[in-house]
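All chains should be built: construct the whole structure from the sequences, respecting the hints.
Here is what each chain is made of, one letter per residue.
4 protein chains.
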Amino acid sequence: VDAGYIKQGEQARTVREKQVRALLANRKLPPEGWDEQAIELFLSDLAVMDSNNFEGNVGVGEREARMWSGLARMWSGLVARRHYRLGHGIGRSGDVQAVQPKAAGSSLLLKLCTLLVLDALKLAGLTETKACLCLPVATGMAHVLTFLHLRSLRPMARFVVWPRIDQKTCLKSILSSGLIPLVVENKFEGHELRTDMDGIVAAIAQAGGAENVLCILSTSSCFAPRAPDRLEELARLCQREGIPHVVNNAYGVQCKASCKLLSRAMRVGRVDAFIQSMDKNFMVPVGGAVVAGADEQWMLALAKSYPGRASIAPIMDLFVTLLSMGKKGWTRLLKEREENFLVLKEGLVKLAKETSTGDGTEAEVVQEEVLETPHNPISMALTLKTFRMDDKQGYTYFGSMLFNRNISGPRVVDPAKKEKFGGFEFPGYGSHCNLYPVPYLTVACSVGMSRDEIKCFLERLRKCIGELRKKQRRSTHSFSSSSE
Amino acid sequence: VDAGYIKQGEQARTVREKQVRALLANRKLPPEGWDEQAIELFLSDLAVMDSNNFEGNVGVGEREARMWSGLARMWSGLVARRHYRLGHGIGRSGDVQAVQPKAAGSSLLLKLCTLLVLDALKLAGLTETKACLCLPVATGMAHVLTFLHLRSLRPMARFVVWPRIDQKTCLKSILSSGLIPLVVENKFEGHELRTDMDGIVAAIAQAGGAENVLCILSTSSCFAPRAPDRLEELARLCQREGIPHVVNNAYGVQCKASCKLLSRAMRVGRVDAFIQSMDKNFMVPVGGAVVAGADEQWMLALAKSYPGRASIAPIMDLFVTLLSMGKKGWTRLLKEREENFLVLKEGLVKLAKETSTGDGTEAEVVQEEVLETPHNPISMALTLKTFRMDDKQGYTYFGSMLFNRNISGPRVVDPAKKEKFGGFEFPGYGSHCNLYPVPYLTVACSVGMSRDEIKCFLERLRKCIGELRKKQRRSTHSFSSSSE
Amino acid sequence: VDAGYIKQGEQARTVREKQVRALLANRKLPPEGWDEQAIELFLSDLAVMDSNNFEGNVGVGEREARMWSGLARMWSGLVARRHYRLGHGIGRSGDVQAVQPKAAGSSLLLKLCTLLVLDALKLAGLTETKACLCLPVATGMAHVLTFLHLRSLRPMARFVVWPRIDQKTCLKSILSSGLIPLVVENKFEGHELRTDMDGIVAAIAQAGGAENVLCILSTSSCFAPRAPDRLEELARLCQREGIPHVVNNAYGVQCKASCKLLSRAMRVGRVDAFIQSMDKNFMVPVGGAVVAGADEQWMLALAKSYPGRASIAPIMDLFVTLLSMGKKGWTRLLKEREENFLVLKEGLVKLAKETSTGDGTEAEVVQEEVLETPHNPISMALTLKTFRMDDKQGYTYFGSMLFNRNISGPRVVDPAKKEKFGGFEFPGYGSHCNLYPVPYLTVACSVGMSRDEIKCFLERLRKCIGELRKKQRRSTHSFSSSSE
Amino acid sequence: VDAGYIKQGEQARTVREKQVRALLANRKLPPEGWDEQAIELFLSDLAVMDSNNFEGNVGVGEREARMWSGLARMWSGLVARRHYRLGHGIGRSGDVQAVQPKAAGSSLLLKLCTLLVLDALKLAGLTETKACLCLPVATGMAHVLTFLHLRSLRPMARFVVWPRIDQKTCLKSILSSGLIPLVVENKFEGHELRTDMDGIVAAIAQAGGAENVLCILSTSSCFAPRAPDRLEELARLCQREGIPHVVNNAYGVQCKASCKLLSRAMRVGRVDAFIQSMDKNFMVPVGGAVVAGADEQWMLALAKSYPGRASIAPIMDLFVTLLSMGKKGWTRLLKEREENFLVLKEGLVKLAKETSTGDGTEAEVVQEEVLETPHNPISMALTLKTFRMDDKQGYTYFGSMLFNRNISGPRVVDPAKKEKFGGFEFPGYGSHCNLYPVPYLTVACSVGMSRDEIKCFLERLRKCIGELRKKQRRSTHSFSSSSE
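Protein chains in written order, with my numbering: chain A, 4 to 487; chain B, 4 to 487; chain C, 4 to 487; chain D, 4 to 487.
Derived from the structure by calculation, the hints contain no laboratory data. All values derive from a computational prediction rather than experimental measurement. Honestly, I wouldn't trust all of these hints.
Taking lysine-lysine and the DSS-like style, the derived pairs with C-alpha atoms no more than 27 Å apart in a straight line are [as the list claims (entries may be wrong)]:
1. C:K125 x C:K307
2. B:K31 x C:K307
3. C:K420 x D:K307
4. D:K171 x A:K10
5. D:K114 x C:K307
If you want a taste of the chain C side facing chain B, the calculated C-beta under 7 Å gives, among others [what the hints assert, rightly or not]:
6. A15
7. R16
8. R19
9. V23
10. V51
11. R88
Using N, Cα and C, we set each Cβ at its ideal position, and we do this for glycine too.
Structure (C-alpha cells):
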C-alpha cells in the first residue's frame, strides 16, 4: 500500500487521538457528541489498560474479571463483549472512587465520567456544584448510603424530617437505614401543595431538637399538584439550626427551574447533598444515581464509606451517553424539554375545554380542567371530576385503559386511596396529602420526549375519555376547586 | 420459497422454542449450555415484553427506559444494544424482587436467574439452600443490606461479633451500617489460623449478652494460612444463644469442601444467610452478589427492605453465563477447580524443595516450604523466610516483581505491617493475626483457572525467586515455623 | 411472574410477529421503517431456519457454513455474529436465485430482498420494472454477467456499441467479457455532451450489421457536462434493429428524472436490462448490484447463468437497509435529494459569481461559471478557466487541495489529459469527449447528502479558490464557452 | 488517576501495537491466534483510515460508503457496525487488487489478507505458490474470471478439456464463459475412478489441436469413489503441448495429500492457476475464492481483468478468521482433519461389517462395504447394495432419512440417475461415470469436524440403516465389486 495513503490514514487516526486528548485535557463534555466508532475505540483503549486484558496475564488466584482473559476460560464471550471487556468494576475495598491498580482503564473511565457529569450538572443550571459521586445504585440506595454516611457523622441523630411526598422508595430508604421519619404534611396554596414551614419547625421540636435530627430530606422534583419544596427556606433553616440537608432531586436535573431553585438554596443556606437519578435525567437504563454537592471533602468521605467494589455498568452507560451527546446534544435536549413542557400544557388545557372527544357525539365533552400548579415546572395534572368514583368503570379504571393503550407514563390518582406502609398510614396515598378534593391524572414532561409522542398522548387520552364516557352515564358528582 | 423448506425451518424454530419452554418448566440449569444464538434470541424475546419496546408505546412522563424507544430519542443506540434493550432495571419501589408491571420481560429474567442460581448453589453442594436473592451490588453492599435488615428485626443490637479476617470490605460493611465490630483474634493450630471459640463467647459477653449482638459474621472462604471458620460450632452457638448468624461465603461456592462445611453448619445449627460474590464464583464482571439461606420468608423480607429499583446488568450477566454453562458446564468447571487445586499445590510443594531456579547456578535454591493448611481447600501459602525483610529488595519487593510480570493474583504478606482502619489498629494486617512468624506468598486456586496458567505461574515464580536471589545476598535471618 | 404481565408481554410479541407476517404478505417496503430490534430479531429468526444452526446438526462432510455450529469448531465467533449466523450464501450450483434446501432462511431473505428492491425501484419512478435480480457483485461484474448471458443468446455477436462515457469500469466490463467496444463520440449541445445518434447508426454499420452487435450499452446517470444518453431514441432504434439494449443506470435510481427517462424508453422501445449499483443508490457498502427489466423470464434466465453460490453479505445489507428505511424513509430520502440538487446548484451558481472569497482581499474574485447542463439532473460542473494549466499549482493541484480538506466527492477534469486503456486511446479522458474547451470541477448531488454538507462543501471550495489565487498570479488565459 | 497505573496501561497498549507491527513486518500468519479484542481494535484502526470515517469528511457527490458518515445520514447503523464501518469495498475501476486512495484501510486489509492466505497455503503444503488473489466471489465465478482472462490471452481457443466430475458449478462456469467443454470420461481402477490420459489426448485432437484448447480443467479434490485427477501427468502434457492448466482445488487446501499432489504437478509441469473455495477450506461463510499460482505476473494480470470494485465482506471474514487462527490454530486444524479422516474411515469400515444395527434383532446386519479408494484422501463411500432400488423405501429414500435426522453432509448416489444439463446428457449423474455398478453413500471428512460429530454421524447412520431394513425385506439384488 502506497505510503501516501497510509499517511493520510494515520492523519485520520491522529484526529481521533486528538479527540481523546482533548477530553483528557478539558475534563468537560466535548463540544460536539462523539460518534459510536469513536466511543467504541475509546472503550477498547480503556479495556486494554485493565490487567485482565493484558496479553499473557496470569491471574492465578485472581478472583475478578476472569471471564474473558483467554478463549478456553471464557464464560461468556457475550458478557465480555457487552461490557467491552471491562470487568473489574469500580472502586477498591475501602472507597468506591479509589483507583484500582489492576484496572487503570476502569478507574480512568469512572474519573472521566464523574467529570463529565459535573459539567453536565453545571450546564443544566446546578451552578454551585463542586463535586459529585457516580454510584451504580439507583436513587433509593443512594439515599441509604447518604443517610448511613450522615449517621457516622451524627451517631445520635435518629430522625429524618420529611415533607410528605408519596413516593415509596423515598420513605423506604429512610426506614431501611434504621431511621425514623417525621412526616410533615403539605399545605394547600390554591390547587398546589407546598411545604409547611411551621410543620417542619414543629417536627424538629418533636424530635427533641436539632441534634436528634439526622437531616431534613426535601424534594425538588415531583408530580403535580405537589410543588417542589421550599428549598431556600429549608436551606436557611438547616443552616441556622445546624441540621444536614439532603435534597431528593430525582429528576430535577432536566429542569432549569428546579436547578435554579436548588442553586439558590445552596447559595443562601445549607445543602449537604442532592441526589439524582441517572436514568430519569440522562436517558440511560435504570440502575445509577449521582450524589452531588458543594463540598468536595464531604463527597470524598461519602465515597470512602462505600464498602467494596461495585458494578461499572451504569457508569459506562452514562459515560457513553454523555460522550455521544456532547455539550451540544445535552443543552439541546434540555431546551427541547422546556419547550415540550409548554406544548404539553397547552395541549392539555385545550383538551380540557373541548366540547367533543372527536367521535361525533356532541355529548362527549371533556369538561375538566388542568390544575393550577405554577411552582411545578415538570409535571401537571388534569382533573377527573366528571368521572364516577363508585364504579369499576370510574377513574380507577381509567388508568388501566391508558396503560392498555400503551400510555405508560401518566398516573390516575384516587384521593380516597389509603395505604399502610412501613408502619405508617397514609390517607390519600398518591396525592401527597390526606384528602385532595378531586381525582386527577398527573403527567410529567420528561427529557427525551418528542412532539409526536405528545400529540399521540393527547389523541389517545381524548379517545379514552370518549370511550369511558360511553361506558358510564355522566356523573353528577361535581367538584369546586379551592381556587374558585 | 418452497413450503417444504419453510416447514423444515419452522421445525428448527420449534426446537428453539422447546428449549425455552423447558427452561420455564424445569426452573433449573439446562442440562447442556445454550449457544449464543439461543441466548440472544431469548434476551430479545424478553426485551419485547418490556413496555419501552412495545411498538407504538408512548411514555409521556415515563421517566425510565426512554433511551431507545424510537430513533429520534435514542441516547444512545450503543447503550440500548449492549443491554439488549432491557432498560427498566429490576424491582419496584418497595421490593427488589417485585414484578415490575411495565417490565414483564425484565421481571421474568430476574425470576429465572434466581431459580438458576438456586440450582447452581445446590449443585455446588449447598444442599440446604431454600431461597436466594440476586443483588446488583457487590458483596460489601450485600453485607450492609443484610445487616440493615437484621437491624430492623433487632433494633437494639449494635454489635457484630467477628472472627478476624483481614479483608477491608468486610470490616467496612460493618462500620458503614453503623454497627460496632467485636474483633475476635484467631488461634494458631500448627501453621493454620482457626476460629477461637472461647474468644467468641467472650465477645458476646463483652457486648453485654446475646441480645446486644446483631449477628456473628463468620467466613467460609479465605486466604491461607487462615482457615475457614468453625462454622458448625458457630452455628450451634448461635442457635443456642439466639444470635443471628451471617456467613461471608465470598468465593466459597466454587469449592466443594466449603459448601459441605456450610451445609453441615446449616443442618446442625443456625445460619440466617450466607453471602457470595457473583464475579468470584460465576465468572461474571464485578458488581453482583447472591444472598442465600434456608428460610424463604427471611429472604423475601430482605428483598422487601431494598429501597427502589436497581440495575439489571449484573443479573443479566449471571443469567447469560449460567445459560451458556448449563449443568454440564457448571459441574465441569467445579470439578476442574478441585483438580487444579491439587495440581497447584503439588507444583508449589515441588518448587519449594527445588535446588535450582533453573539458571544454572547451583546456589539459587528455593529452600522454602508450603505452609500446612489442611482446612483451607481453596488457598495455600509459600513461605518467604529466606528473603531479607530489611531491604527494598526483600519480600515486599517480591510482590511488585510478580505484578510486573503479569502475575496478578497472589499476594506477598509482610507480618510486620500495621494498619489503622475505621478506628481499629491491626498489627500484622493481611495475615489475619497480630504476628505471623514468617512472611509468605498466598495464592488461591479459583474457578476458571487453566492448567497452562498454573504452569506459567510456577515458571514465572521460579524465575522471580532466582532474580531476587541474585539481587541480594542470602539472608541469614532464619525462621522456625511453629510446627517445628 | 403474574400471568397478566406475561400476557401483556405476549401481546407485544404478537405485534412483532404481525409486522413479519405483514411483510411476508405484502411483499413490499413496510409503510414505516422497522427499528433495529425488529430487524435483528427477524434476522435471527431467519438464521434459525438455516440447517447449520439446527440444534444437533451433524454436517459430516458438509463443507459450507461450518464456522459456527458449535463452540469447539467456531472459527470465528466474530464472523458468525456479524453475519447473524447466516453462512450458506445464496443460490445453488445452477442458479443464483434458487432456493438452497439447507438454507431456507437465507433463501427467504434473498426472495424478500428482491421483492423489496422491486418495490423501491417502482417507488423511485421505474414503473415499468417487472423483475429484478440482486447480485452480490458490483456494477462492473453485473455488466459482465449480463453480457455473458446475452452472448449465450447471440453467440455470434462480438460488438458492443457504446456512446462514450469516461468511466473505466464500464469499458473494462466489455473487454473482460471478450467483446469489442465500438466507441461512439458524444456531440456538443451548448455546454452539454449528448448522444450522437448518427454515430450510433454508423457504429452498427461498422460492426457489419445488427446481427453482429451484442447490445447497445447506454448510460442514464453520469457526471456533467455529459448528459444521460438519449434513451428513448436508442430504445426505438434497438427495437427496430433487433439489438439488445442494456442501460448502465449506475446511480440513476436516486433521481426521478433519470427514472422517468428510463421508463419512457421502456415504453416506447427496447430495454432488455438496466443495471444499478446498490451502494450508489441505497446507502449500503460497496459490493452489490441490481439488474432489472421488464421481462421476468429474461431475468430468470440470467439468474440461471450464474455459476454456483454467492455471498449473502451485500444482499443482507440491502435488506436491512430497506427494512429500516421503509416506504416513508425511502421516499423521503429521494425527495431530499431532489431538493438538495437545487440547493447545491443555487449555491454553486452564487459562488461562481462571487466577487470575494471571503478573506477580505477584493482581488480574490471567483469569476467562474456553472456549466449549463439542463439534461443532467444529478451532477453539475464549475469551470476552472481562470486557473493556469501550465503549472503545478494550477487546476490539477486544485483537486488534491480539496481531497486534503476532506472534500472527497468532486473531481477536477483536465481536458488535456490523455489515457490509453485496453488498447484504446482516449484524448480528453475524464471529460467524455476528445477536447472539452475548459477545465472544470464536476460534482454530483447524491442520495444521503445533508444540507450541512453542502454548506460545508461550498465554504471549503471558496476557501480553496482563495488560497490557490494567492499562490498564483491570475492567469490571463481566458475561455469563451461554446454558448457565447 | 495515578500516573503509574496509566503507565502500566500504556504498556499494555504498546503490547497490542507491537502485535500489529509484527503482523505488518512479518506478513505471515501470527504464531498464535489473536483474541477478538485485538482483532476488533485492528479493524477499527483500519476503518479510521478510510476517508468515509474521517472526522469532518464531506463527500459531496461521493457515491460510496455514505451509509455511516454522520448520524443524520445513517442507513443503517446496524449495517455500518457489522462491517466495522469499512464500506468502500476493494479495488478500483481497473483492478480488484488496486489501492483505493479513498480507502487506505480497506486496501491495507486486502493486502494483508492476501499475504496471510499465501502463508496459509504454503503451510498447508502448497509450497510452490508464489502469488494469490482473494476474490469476493465463490469458486464458480472465480473459474469464470480465470477463463475470461485466459481468453484474453488466447482469443481463438474455444474448448475446455475436462475430465468428468459431476459437480454442476464446474460445468456451468465453462458454459457461462461462452466456452465448449470436452468431457473426458474417467476410467475404473478397482473401485476408483481415475483420469483417462488417453481420453485427454483424444479430446485435444477432437478440438483440432492444442491451439484451440483454452485450458485443461482438472480437479484435485472430489467425492469418492472418484479420485483426484492425475495432476502430474496432466501438468506434463500441458507443458509439452503449450496448453494452460487450471486446477479446481475446491476443498483441497485442507488436505495434505492433495496439496502435495498439486505441488508436485507444479514442479514437473504446467499449472497456470488453481482455484479454492474460502468457505470450504477456511471455515468462513460462502462467498469467496482464492486463485493462486506460481507466477506473480499472471496473477497481477488476472486482477487487472476484474472490472470495477467488489465487496470486502468475504475478505474481511477470511482476514478475521486467519488472524484468530494464527499459525498454531491453522496447522492444528489441518492436523486434526488428517486424524479425523482415519477415525471416520475406521468407523465406517467397522460399521459396514457389523452384524447388528443395535436394536437387538440379529437380522439387521449392515453387510455393506467401504469402497477402496486409496487415492482419495478426503472422501470415502459406503455401498448401499443391500437396499432395493425399485422402491420408494430404497436407497433414494435413505438420503432424505439422513437429512431429516440432521445429517446434512453425505449424499446417496443412485447410479441409474440421468441428468441433462447445459445441452449435455450425463448418465449416472452424481457418480462421475456412466454406470457405477452399485449405489453408495459418499461422505467427506472436512476441516473443522469434531470427533463427537463423527461418532454421532455413525450412530445415526446405523440407526437409519436399521430403520430402513425394517421397512423393507432385504433385497436379493447383490453386487460384486470389481475388485473381487
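Hints versus structure:
A threshold of 27 Å between alpha carbons decides the hint, and for C:K125 with C:K307 the separation of about 24 Å falls inside it, so the pair holds. For the suggested pair B:K31 and C:K307, the alpha carbons sit about 51 Å apart, so the restraint of at most 27 Å is broken. Between C:K420 and D:K307 the CA atoms are separated by roughly 22 Å; this keeps the pair inside 27 Å, and the hint holds. Distance check on the hinted pair: D:K171 and A:K10 sit about 47 Å apart at the alpha-carbon level, beyond 27 Å; violated.
Taking the CA atoms of D:K114 and C:K307, the gap is about 33 Å. The hint is violated against a cut of 27 Å. Interface restraint check: C:A15 against chain B, minimum CB-CB distance 5 Å, threshold 7 Å, status holds. The interface hint given for C:R16 is met, as the beta carbon of that residue sits about 5 Å from the closest beta carbon of chain B, less than 7 Å. Evaluation of the C:R19 hint against chain B yields a held restraint, the C-beta minimum of about 6 Å falling below 7 Å.
Hint on C:V23 is violated. Least Cβ distance to chain B is approximately 12 Å, over the 7 Å limit. For C:V51, the suggested interface contact is upheld, since its CB lies about 5 Å from the closest CB of chain B, less than 7 Å. For C:R88, the suggested interface contact is upheld, since its CB lies about 6 Å from the closest CB of chain B, less than 7 Å.
Consistency with the previously given hints fails for numbers 2, 4, 5 and 9, ordered from lowest to highest.
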